[in-house]
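Novice: Spelled out, the chains give:
Protein chains: 2
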Amino acid sequence: MPDFVPELMREYGDAARAVLFRYLPSEEPRRHLYDLLADYPRRGGRGFRPTLCIATARAFGRTTEDALRTAASIELLHNAMLVHDDIEDESIERRGRPALHVTQGVPLALNAGDALSLRSLRPLLDNQQRLGPWLSLRILEEAERMARESAEGQAMELGWRRDNAVDVTEADYLLMVLKKTCWLAVIYPTRVGALIGTGGAVDLEPFLRFGFFVGAAFQIQDDLLNLTGDQAQYGKELEGDLYEGKRTIMLVRLLAKARRSERERLERLLGRPRGERTAAEIRWARGLMDRYGCIDYARSVAHGLVGAAEHEFSRIFGHLPDSRDKRFLAAFPRWVIERS
Amino acid sequence: MPDFVPELMREYGDAARAVLFRYLPSEEPRRHLYDLLADYPRRGGRGFRPTLCIATARAFGRTTEDALRTAASIELLHNAMLVHDDIEDESIERRGRPALHVTQGVPLALNAGDALSLRSLRPLLDNQQRLGPWLSLRILEEAERMARESAEGQAMELGWRRDNAVDVTEADYLLMVLKKTCWLAVIYPTRVGALIGTGGAVDLEPFLRFGFFVGAAFQIQDDLLNLTGDQAQYGKELEGDLYEGKRTIMLVRLLAKARRSERERLERLLGRPRGERTAAEIRWARGLMDRYGCIDYARSVAHGLVGAAEHEFSRIFGHLPDSRDKRFLAAFPRWVIERS
Numbered sequence: 130m131p132d133f134v135p136e137l138m139r140e141y142g143d144a145a146r147a148v149l150f151r152y153l154p155s156e157e158p159r160r161h162l163y164d165l166l167a168d169y170p171r172r173g174g175r176g177f178r179p180t181l182c183i184a185t186a187r188a189f190g191r192t193t194e195d196a197l198r199t200a201a202s203i204e205l206l207h208n209a210m211l212v213h214d215d216i217e218d219e220s221i222e223r224r225g226r227p228a229l230h231v232t233q234g235v236p237l238a239l240n241a242g243d244a245l246s247l248r249s250l251r252p253l254l255d256n257q258q259r260l261g262p263w264l265s266l267r268i269l270e271e272a273e274r275m276a277r278e279s280a281e282g283q284a285m286e287l288g289w290r291r292d293n294a295v296d297v298t299e300a301d302y303l304l305m306v307l308k309k310t311c312w313l314a315v316i317y318p319t320r321v322g323a324l325i326g327t328g329g330a331v332d333l334e335p336f337l338r339f340g341f342f343v344g345a346a347f348q349i350q351d352d353l354l355n356l357t358g359d360q361a362q363y364g365k366e367l368e369g370d371l372y373e374g375k376r377t378i379m380l381v382r383l384l385a386k387a388r389r390s391e392r393e394r395l396e397r398l399l400g401r402p403r404g405e406r407t408a409a410e411i412r413w414a415r416g417l418m419d420r421y422g423c424i425d426y427a428r429s430v431a432h433g434l435v436g437a438a439e440h441e442f443s444r445i446f447g448h449l450p451d452s453r454d455k456r457f458l459a460a461f462p463r464w465v466i467e468r469s
Numbered sequence: 130m131p132d133f134v135p136e137l138m139r140e141y142g143d144a145a146r147a148v149l150f151r152y153l154p155s156e157e158p159r160r161h162l163y164d165l166l167a168d169y170p171r172r173g174g175r176g177f178r179p180t181l182c183i184a185t186a187r188a189f190g191r192t193t194e195d196a197l198r199t200a201a202s203i204e205l206l207h208n209a210m211l212v213h214d215d216i217e218d219e220s221i222e223r224r225g226r227p228a229l230h231v232t233q234g235v236p237l238a239l240n241a242g243d244a245l246s247l248r249s250l251r252p253l254l255d256n257q258q259r260l261g262p263w264l265s266l267r268i269l270e271e272a273e274r275m276a277r278e279s280a281e282g283q284a285m286e287l288g289w290r291r292d293n294a295v296d297v298t299e300a301d302y303l304l305m306v307l308k309k310t311c312w313l314a315v316i317y318p319t320r321v322g323a324l325i326g327t328g329g330a331v332d333l334e335p336f337l338r339f340g341f342f343v344g345a346a347f348q349i350q351d352d353l354l355n356l357t358g359d360q361a362q363y364g365k366e367l368e369g370d371l372y373e374g375k376r377t378i379m380l381v382r383l384l385a386k387a388r389r390s391e392r393e394r395l396e397r398l399l400g401r402p403r404g405e406r407t408a409a410e411i412r413w414a415r416g417l418m419d420r421y422g423c424i425d426y427a428r429s430v431a432h433g434l435v436g437a438a439e440h441e442f443s444r445i446f447g448h449l450p451d452s453r454d455k456r457f458l459a460a461f462p463r464w465v466i467e468r469s
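In the order they appear, the protein sequences are chains P and S.
Under the working numbering, the first residue of the first sequence is numbered 130, with each subsequent residue one higher.
Under the working numbering, the first residue of the second sequence is numbered 130, with each subsequent residue one higher.
Be aware that one or more of the hints could be misleading.
You can't tell identical chains apart in this list, so a pair holds if it fits in one copy or across any two.
As the list claims (entries may be wrong) - Within a straight-line C-alpha distance of at most 25 Å, the following computed SDA-like cross-link-like pairs (lysine to any residue) qualify:
(1) K455 - R412
(2) K375 - V231
(3) K455 - E219
(4) K375 - G234
(5) K375 - T232
Because the hints were derived from the structure by calculation, they are not lab data.
Please model the complete structure; the sequences and the hints are all you need to start from.
Specialist: Listed below in C-alpha cells is the structure:
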C-alpha cells in the first residue's frame with residue numbers, strides 16, 4: 130500500500146484539526162461542557178473525512194484554505210455523531226479510552242454532543258468571507274441533507290436492534306450503510322469538496338455512487354476489523370459489535386445461511402440485553418461465522434465495492450490534471466480495505 | 130388577563146405548526162424515525178416562541194408569511210430540545226403523555242431528537258427565496274448563537290445536578306436561566322423577528338435584556354406551577370422538579386435560608402438517585418419551602434422581572450405604530466406570570 134495515502138491524511142487531517150480547535154471555545158462552563166466537546170477530537174482519529182473534502186477541492190483546482198473551514202466542520206460533526214452513537218450503542222470505548230458517557234454520565238455527554246453538532250455550523254457560516262453567500266448556503270444545504278440521511282440510517286440500525294430483527298436482507302443492510310456511513314464518510318466530504326473546487330458548477334450525482342461504493346467498503350472493513358483485528362490498534366473492544374447485537378453484513382449473512390436451530394439460538398442471543406450475553410455465547414456465534422464463510426463473503430463484497438469505486442473515480446476525476454490529490458483519491462478506495 | 134394574548138398565540142402558533150408539519154417527511158423509516166419526529170409537535174404546545182417571532186416581524190412592518198419559515202424552525206428546534214431534555218432529566222411525562230424515550234427507548238429517541246434538531250435548519254435555508262441570502266445567513270448565525278447559549282445553560286444545570294451542587298447562588302441561577310431558557314424562548318424569536326421586520330437594520334442588544342427579563346419570569350412561573358399547579362393542566366408530573374433535583378429559584382433560596390441541619394438533610398436527599406427519593410421526603414422539602422417563604426419570594430422576583438421587561442418593551446417597540454402585534458408584545462410579559 131502506498132505510504133502517501135496515510136501521509137496526506139495526516140497532513141490534511143492535522144490542518145483541519147487545527148481549525149477545528151479554533152472553533153472549540155475554552156471558556157465557562159468548562160468542566161461540564163467545553164472540556165467535553167474537545168475530548169473526542171483530542172483523542173485523534175484518522176481524519177480521512179476532512180482529507181477527502183480538501184483533496185477533492187484541490188483536485189478540482191482550488192486551495193486547501195478554500196476547503197479548510199468546511200473540512201473542520203465535517204470533523205466536528207463526525208465527533209458529535211460519535212458521542213451520540215456511543216450512547217445509543219451503549220459502547221464502552223472510543224479510540225482506546227472510555228466513551229464520553231461512561232466518564233461523564235449520559236446527560237452531560239448527550240448535551241455535549243448537541244453542542245458539538247450545532248457548533249459544526251459555525252465554520253460553514255464563516256465560509257461566507259471566502260466563498261460568498263451562495264456557495265456557503267449550498268454547502269449548508271448539503272450538510273442538512275447529509276444529517277438527514279445519517280439519522281435515517283441510524284434509525285434503521287437502532288430499530289433493528291431494538292426490535293431484534295432477524296430478517297434483515299443484504300439490500301436492507303446496504304441501504305442502511307448508504308445512509309448511516311457513506312453520506313458522512315465520503316459522499317458529503319467529496320460533494321462539498323467538488324462544490325468548492327468548481328464554484329458550484331458540477332453534477333453531484335456521480336459522487337453519490339462513488340461515495341456509496343467507498344463508504345460501504347469502509348464499513349464492511351471496519352466491521353471485519355472488529356471481529357478479526359488487533360485490540361491495541363483497533364481502539365474499541367474487539368467483538369463489541371457482537372455484544373451490541375449490531376447487524377453487520379457478516380451477521381446478516383449468517384442469519385440467512387444458518388440452520389433453523391442455529392438461527393433460533395442466534396435470535397435468542399440477540400434478543401437478550403447486552404449485559405446478559407456471555408463470552409461463551411459470543412464465541413459460539415463468532416465460530417458459526419467462520420463455519421458459514423461469512424468473513425470471506427464480507428471480504429469479497431468489499432473487494433467488489435472497491436472495484437466499482439475505482440470505476441466511478443475515473444468517471445468523476447479522470448479528466449482532471451494529475452496531482453497528488455488526484456492520486457490520493459484514486460488510491461483511497463483500495464486503502465480502505467487494505468488498512469488494518 | 131386579556132384574551133387576545135392566547136388568541137394570537139393560537140392563531141400564529143397554528144400557522145407556524147402547519148408549516149412545521151410540511152417539514153416533517155412522512156416516508157421511510159417511519160416507525161423508527163419520522164413517526165417519532167412528529168410525536169411531540171402533534172401533542173400541541175402553546176406556540177408562544179413562533180408567535181413572538183411573527184409578532185415582532187409584524188410589529189416592525191413585515192408580513193406573517195415573511196416570518197413563517199423561521200417561526201416553524203423555532204418550534205422544530207424547541208421540540209428537538211424537549212426530546213433530549215427529557216432524556217437528560219429522566220422526565221417521564223411531556224404534555225400529559227409518556228416522554229418519547231419512555232415509549233421508544235433512549236437510543237431511538239436520542240436519534241429522533243438529533244434529526245429534529247438538524248431538520249430545523251431546512252426552513253432557515255428555504256428563507257433564501259423570500260428573504261435573500263444575506264438575511265437568511267444572519268438568521269442562521271442567530272440560530273447557532275442561540276444553540277450555543279442553550280447548551281451552555283443546560284450544561285450548567287445538569288452539572289449542578291450530577292455533582293449535587295448545593296452552593297448555587299441566585300446569580301448563578303439567573304445566568305443559567307438566561308442561557309438555557311431565555312435564548313430559545315424569547316431572545317432568539319424576537320431577535321430574528323426584528324431582523325426580518327427591519328431587513329437587518331436594527332440594534333439587537335436591547336432584545337437580550339427584554340428576552341432575559343421575560344424568559345426568566347417565564348421559567349420561574351413554570352417552576353412555580355410544577356409545585357403549585359393543577360396536574361391535568363400542567364401536563365408533566367407535579368413536583369417532578371423536586372424528584373429530578375432541579376435547581377429552581379425556590380430550591381436555591383431554600384438552600385440559602387435553611388438551617389444547617391435542614392440543609393444537610395436536603396443535600397443527602399438531592400444526592401440520592403431519583404428513584405430513591407420517597408414521596409414523604411419530597412413533601413418534607415416542599416413544606417420547608419413554604420416555611421421559608423421560598424414560593425412567595427420566587428413570585429416577587431418574577432413580578433420584578435416583568436416590570437423590567439415592560440420597561441424594555443417601551444424602549445424597543447414604543448416608537449412603532451399601534452397594532453395587534455405591538456399590543457400582544459406589550460401584554461406578553463404579564464401573561465407569562467398570570468397564566469396557570
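Novice: Indicate, hint by hint, whether the structure satisfies it.
Specialist: Hints, verified against the model:
no., hint, in the structure
1, K455 - R412, "neither (43 Å within a copy, 70 Å between copies)"
2, K375 - V231, "both (20 Å within a copy, 22 Å between copies)"
3, K455 - E219, "neither (39 Å within a copy, 50 Å between copies)"
4, K375 - G234, "both (23 Å within a copy, 17 Å between copies)"
5, K375 - T232, "both (23 Å within a copy, 22 Å between copies)"
Hint check: violations occur at hints 1 and 3; the rest are consistent with the structure.
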